[in-house]
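Single-letter residue listing:
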Amino acid sequence: MPLPYVVLWPLVAATLCLVLPPGNAAAGLTLAAALASLTTVGLLTRQVLAHGSQATPGLWLYADALSMVILLLVALVVTTAAAYSWGYVRRDFAAGEIGRGRLKRYYVLFNLFAASMVAVPLVNNLGLLWMVVGATTLTSAFLVWFYRRPEALEAAWKYLLLTSVGSLLALCGTVLTYCAAVPVFGTTFALEWTALRGAGGLLQPEALKLGFLLVVIGYGTKAGLAPMHTWLPDAHSQAPSPVCALLSGAELNCALYAVMRFYVLAAGGLGRELPGTLLMGFGLFSVLLAALFLLTQRDLKRLLAYSSVEHMGLVAAGAGFGGPIGYYGALFQMLNHALAKSLLFYAAGNVLHRYRTTRLTGAHGLLRVMPLTGVLALAGALAITGVPPFSTFWSKFFIAAAGLEGGHRLLTALLLLCLVAVFAGFLQAVGRLCFGPAPDPVPAGEQGPAMTVPILASILVLLAVGFYLPPWLDALLRGAAAVLAGP
Amino acid sequence: MEVGEFVGTKIVLNVVQVLVVLLCAPLIKGVIKRWKAVFQRRRGPSIWQPYYDLWKLFRKGSVIPEDASWIFRLAPYVYFAAPLVVALLIPVLTTFPLFMAFMGDMLGGGFVLGLGGFFLLLAALDTGSAFGGMGANRSRFVAFLAEPVLMLVFFTVSFVAGSTIPYIVNQTLARPDLLLHPSHLLAAIALFMVILAEAGRIPVDNPDSHQELSMIDESRILEFSGRELALVEWGAAMKFFVLLTILLNVLVTPWGLSPDAAWHHVLGAVAVLLGKMLVAAFVIVLIESSYAKLRLLRVAEFLGAAFVLALLAVVSYTLGG
Amino acid sequence: METGLPVRTLLHTLATLTLVTTFALIVARQLLACVEAYAVHSLLLALVAALIGYATGITHLYVLAGVTLAVKTVLIPLLFRWLIHGSVHEKRELQFYVGVPAGLLVCGGLVLLAFYATRPLAAALALPVRPLLEVGMAVFLIGVFVTASRREAVPQVVGLLCAENGVFLAALATAYGLPLLVEFGLFFDLVITVLVMGILVGRMHVLLSTTDTEKLQRLRG
Numbered sequence: 001m002p003l004p005y006v007v008l009w010p011l012v013a014a015t016l017c018l019v020l021p022p023g024n025a026a027a028g029l030t031l032a033a034a035l036a037s038l039t040t041v042g043l044l045t046r047q048v049l050a051h052g053s054q055a056t057p058g059l060w061l062y063a064d065a066l067s068m069v070i071l072l073l074v075a076l077v078v079t080t081a082a083a084y085s086w087g088y089v090r091r092d093f094a095a096g097e098i099g100r101g102r103l104k105r106y107y108v109l110f111n112l113f114a115a116s117m118v119a120v121p122l123v124n125n126l127g128l129l130w131m132v133v134g135a136t137t138l139t140s141a142f143l144v145w146f147y148r149r150p151e152a153l154e155a156a157w158k159y160l161l162l163t164s165v166g167s168l169l170a171l172c173g174t175v176l177t178y179c180a181a182v183p184v185f186g187t188t189f190a191l192e193w194t195a196l197r198g199a200g201g202l203l204q205p206e207a208l209k210l211g212f213l214l215v216v217i218g219y220g221t222k223a224g225l226a227p228m229h230t231w232l233p234d235a236h237s238q239a240p241s242p243v244c245a246l247l248s249g250a251e252l253n254c255a256l257y258a259v260m261r262f263y264v265l266a267a268g269g270l271g272r273e274l275p276g277t278l279l280m281g282f283g284l285f286s287v288l289l290a291a292l293f294l295l296t297q298r299d300l301k302r303l304l305a306y307s308s309v310e311h312m313g314l315v316a317a318g319a320g321f322g323g324p325i326g327y328y329g330a331l332f333q334m335l336n337h338a339l340a341k342s343l344l345f346y347a348a349g350n351v352l353h354r355y356r357t358t359r360l361t362g363a364h365g366l367l368r369v370m371p372l373t374g375v376l377a378l379a380g381a382l383a384i385t386g387v388p389p390f391s392t393f394w395s396k397f398f399i400a401a402a403g404l405e406g407g408h409r410l411l412t413a414l415l416l417l418c419l420v421a422v423f424a425g426f427l428q429a430v431g432r433l434c435f436g437p438a439p440d441p442v443p444a445g446e447q448g449p450a451m452t453v454p455i456l457a458s459i460l461v462l463l464a465v466g467f468y469l470p471p472w473l474d475a476l477l478r479g480a481a482a483v484l485a486g487p
Numbered sequence: 001m002e003v004g005e006f007v008g009t010k011i012v013l014n015v016v017q018v019l020v021v022l023l024c025a026p027l028i029k030g031v032i033k034r035w036k037a038v039f040q041r042r043r044g045p046s047i048w049q050p051y052y053d054l055w056k057l058f059r060k061g062s063v064i065p066e067d068a069s070w071i072f073r074l075a076p077y078v079y080f081a082a083p084l085v086v087a088l089l090i091p092v093l094t095t096f097p098l099f100m101a102f103m104g105d106m107l108g109g110g111f112v113l114g115l116g117g118f119f120l121l122l123a124a125l126d127t128g129s130a131f132g133g134m135g136a137n138r139s140r141f142v143a144f145l146a147e148p149v150l151m152l153v154f155f156t157v158s159f160v161a162g163s164t165i166p167y168i169v170n171q172t173l174a175r176p177d178l179l180l181h182p183s184h185l186l187a188a189i190a191l192f193m194v195i196l197a198e199a200g201r202i203p204v205d206n207p208d209s210h211q212e213l214s215m216i217d218e219s220r221i222l223e224f225s226g227r228e229l230a231l232v233e234w235g236a237a238m239k240f241f242v243l244l245t246i247l248l249n250v251l252v253t254p255w256g257l258s259p260d261a262a263w264h265h266v267l268g269a270v271a272v273l274l275g276k277m278l279v280a281a282f283v284i285v286l287i288e289s290s291y292a293k294l295r296l297l298r299v300a301e302f303l304g305a306a307f308v309l310a311l312l313a314v315v316s317y318t319l320g321g
Numbered sequence: 001m002e003t004g005l006p007v008r009t010l011l012h013t014l015a016t017l018t019l020v021t022t023f024a025l026i027v028a029r030q031l032l033a034c035v036e037a038y039a040v041h042s043l044l045l046a047l048v049a050a051l052i053g054y055a056t057g058i059t060h061l062y063v064l065a066g067v068t069l070a071v072k073t074v075l076i077p078l079l080f081r082w083l084i085h086g087s088v089h090e091k092r093e094l095q096f097y098v099g100v101p102a103g104l105l106v107c108g109g110l111v112l113l114a115f116y117a118t119r120p121l122a123a124a125l126a127l128p129v130r131p132l133l134e135v136g137m138a139v140f141l142i143g144v145f146v147t148a149s150r151r152e153a154v155p156q157v158v159g160l161l162c163a164e165n166g167v168f169l170a171a172l173a174t175a176y177g178l179p180l181l182v183e184f185g186l187f188f189d190l191v192i193t194v195l196v197m198g199i200l201v202g203r204m205h206v207l208l209s210t211t212d213t214e215k216l217q218r219l220r221g
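So the sequence lines, in the order shown, correspond to chains A, B and C. First residue of the first sequence? That's 1 in my numbering, and the numbers climb one at a time after it. First residue of the second sequence? That's 1 in my numbering, and the numbers climb one at a time after it. First residue of the third sequence? That's 1 in my numbering, and the numbers climb one at a time after it.
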């Protein structure tokens, strides 16, 4: 039964990293644990596809197609981040930015963070889900405040405070959902999602409505939906690049996954219109706000952060549009965004290490300084803005199609307009980064393999999936969409 | 025929009620002073000291400022008479309404007390002294913040009881489920805070210090002496007594009052009233020994908090049911 | 559930006192006063839990009350005291974005909002102890407001903790508490959150020699 092992590998790695000397041993162990997790996830996916949803006895851990999609993308991002960290943190240590203590702390926290994130799609109990999502924030707080700068402290404080408020709102929402279930199940009831889904229309509508609203706002804060997204740009601009990749690529998706679980419950109890409209509203607002802010960004990592807000909004809008295409598109978008965003953050990390800044005024001429990274960054920018033949094009296409099919013509038009604006702004920024003369004091030459291979791997996957969607992935996404569509 | 219906008895009881207020008010003041001293590990004055002071002041001559008008001479009498009038209206000793009970309700009582304070204010301005003006200014500041709270508390209590006549409210509120309703508790706390403000206790004002600069009350009555001062001090003590009686007999503990005119019941009611007063005095002494006086501008926050509590009392009653 | 008069009135009284204590949090101008208000708040919460446990016969509520007492009334205030011990801002007055009188009015409004919002919910659920749900939601909203309106870091955290108390109260009112395992998880999460925040606040004090978050304004856009 591979279910618990997914979480176990990173936890074991975290404990071992506490005792091992920091450096290559810890980094190698982290990578090994991430790969082991990924393999376990692969095995689990095969089981789920063949035999339907899996669960441990007592229904503590539960994995259906929806869980597997999230788990897959989390495991992928964790693996690439672990590989990238090896090079990145080692260079920081070599440059004297961090000491041995912090090096050790990095790997321990990285593994704990990874463990909490892979646990999120697997827990069945809504209360434990809240706890695990809270654990993702707590483990990453010190990762965000990694460098000893006042700005980093500010970013970490804002991150912690805002997500705690969001957490609290989500807790209130969870409690209200529990209240909604009490008339059906009595008071000695364990808050299992599977049981709640079965209850469907029997849940008390008033409590469910208020509860879902609070959950969307609460978990939406952690997912980066506007207007609760204000911690995102700060946290991303200050954290080390692999951590940013984990935050954007994995943690936001975990929070949105939590919203989706509640969405299924709300749709079952209230019908699809109200929850869908709520998600659509927040999603569109996020895309709009992100597009506006993105056009004025001067810092590469903040630009990427706003792009994350935009993509999360897109996913929410897709789920809100509904219908099998909408759900499929939203989930596919989550997967693609995770890969694309992480690779862009790795490229940004390379830029930071070489140029000592991520401000676009200082960093330009990337194609001359680090040609491979430059090409990959350009490709990544094309990928993230949804240019064919990358797979992101298909996911955005599906979401837009779902919008039109649902009759939301005006909203879809607005959405597409924002996407075009983002495309223009993004490409302008990355173009400025890549083209032009290289600034003088910057030495040319690539970073080590650890810092370029993950980028290459991610972009190749995106390209490959864009051309040919493997049937197992298609089946998985269809299954997950079916979960969202409800019984 | 019910004893309560006999008009003559009612008039007598009314007079007895007023006498109780008149005679017991300085005692409470003395008790508070004595207990506060004990808390501070001093011996303190005797609890009968206020009586001695009043006796002394009545025998002294009064000095009246040259520029004062008839208002200055009239004010102490109005201030003295106001609590006595209110004492006619509230349930001090009996559960059944007495002769003058329907002459005014709680709002009327509040206005009468306000009238006394207003005359004192005019007298303070009348003297032409700077301290008088300052004191008048500050006391108005406190009073205008306290008025809305009083109104809200009375509204809440009247909502619950269905009447504004204190006797009827007292009878209605003797039920425990109404008494311990959250709105009622909030109203009682708000009223207690207002009483602290109106009577010039800590944390609003320090009743011990006699410096005109630091006080609200002392600077108001600075120019009075002799008989006028005695009347003003007695009136202040009675106002405090009357407000506490309203709090205790109408809001917090509406029991222990005499159900009929039998003299042993009435004496028992007097004893119970004094007992309740002593408990309230103890609480006040605790507060006075634990906290310091607030800055004048912070008094606005104190009374603002009382206002919000009173507002919540109304809301929780209408919405909470 | 046994809803006899003494139980019901006692619950009402405790609910009112909880609301009053939350207001004490708003008017608190000293750091320690905030922490003390939170301690009293949690004590009242533990009493409510114990009382409901007694009335309904659900024994795990006694356990819950005990853990609340141990963690929230004793442990977390101790953590706070240890954190702000020796800090120069321990005795100084707090700064607000929204002053006390305006804050009081806003909180009055929030209580009204909470009462209004929970009315259909409470009516639909047919609760024997409705004031608890209303007070719980009101405390939650006031706690979030306190977090938003304080400039110092420590009262922001205390506001969050009070809001969590409010959620706990609402859970007690409507569903007689969440399942025990979830509750333990919540406590654990709470303690860790306070620890993490405490460490960050300590670092803030060391790095910036202030815990005034107004000074954290370098990141913009």
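These are computed hints drawn from the structure, not numbers from a lab. Fair warning: there could be bad hints in the mix.
[What the hints assert, rightly or not] Here's a subset of chain A near chain C, in silico, CB distances under 10 Å, partners left out:
| id | residue |
| --- | --- |
| 1 | H353 |
| 2 | F393 |
| 3 | F397 |
[Stated by the list, open to error] Derived lysine to any residue pairs resembling SDA-like cross-links, with alpha carbons at most 20 Å apart:
| id | chain 1 | residue 1 | chain 2 | residue 2 |
| --- | --- | --- | --- | --- |
| 4 | B | K276 | B | A199 |
| 5 | A | K104 | C | A123 |
| 6 | B | K293 | C | A33 |
| 7 | B | K293 | C | A24 |
| 8 | B | K293 | C | A123 |
| 9 | B | K293 | C | R29 |
| 10 | B | K293 | C | I199 |
| 11 | B | K293 | C | Q30 |
| 12 | B | K293 | B | I202 |
| 13 | B | K10 | B | Q171 |
| 14 | A | K209 | C | A123 |
| 15 | B | K293 | B | V63 |
| 16 | A | K209 | C | P120 |
| 17 | B | K36 | B | A292 |
| 18 | B | K276 | B | W35 |
[To be verified] Chain C stretches covered by chain A per the calculated footprint, using a threshold of three residues with CB under 8 Å from any CB of chain A:
| id | stretch |
| --- | --- |
| 19 | 114-123 |
| 20 | 163-176 |
| 21 | 185-194 |
Every residue, glycine too, gets a C-beta built ideally from N, C-alpha and C.
These are the hints, each one checked on the structure:
1. H353: Status violated, d = 21 Å.
2. F393: Check failed: Cβ of A/F393 comes no nearer than 29 Å to chain C, outside 10 Å.
3. F397: With a minimum Cβ separation of about 31 Å from chain C (threshold 10 Å), the hint on A/F397 is violated.
4. B/K276 x B/A199: 18 Å, holds
5. A/K104 x C/A123: Violated: A/K104 and C/A123 sit about 55 Å apart, past 20 Å.
6. B/K293 x C/A33: Holds, because 17 Å separates the two Cα atoms, which is no more than 20 Å.
7. B/K293 x C/A24: Holds. B/K293 to C/A24 sits at ~17 Å (cutoff 20 Å).
8. B/K293 x C/A123: 45 Å, violated
9. B/K293 x C/R29: 15 Å, holds
10. B/K293 x C/I199: Given that 20 Å is the threshold and the Cα spacing comes to 37 Å, the pair is violated.
11. B/K293 x C/Q30: 16 Å, holds
12. B/K293 x B/I202: Within the cut-off at roughly 5 Å; holds.
13. B/K10 x B/Q171: 17 Å, holds
14. A/K209 x C/A123: 15 Å, holds
15. B/K293 x B/V63: Status violated; Cα separation ~31 Å.
16. A/K209 x C/P120: Within the cut-off at roughly 12 Å; holds.
17. B/K36 x B/A292: 14 Å, holds
18. B/K276 x B/W35: With Cα atoms ~16 Å apart, B/K276 and B/W35 stay inside 20 Å; holds.
19. 114-123: With 3 residues closer than 8 Å to chain A, the stretch 114-123 of chain C meets the three-residue bar; holds.
20. 163-176: As far as the stretch 163-176 of chain C goes, the hint holds, because 8 residues have Cβ atoms under 8 Å from chain A.
21. 185-194: holds (count 6)
Checked against the numbered hints given earlier, this structure breaks hints 1, 2, 3, 5, 8, 10, 15; the rest are met.
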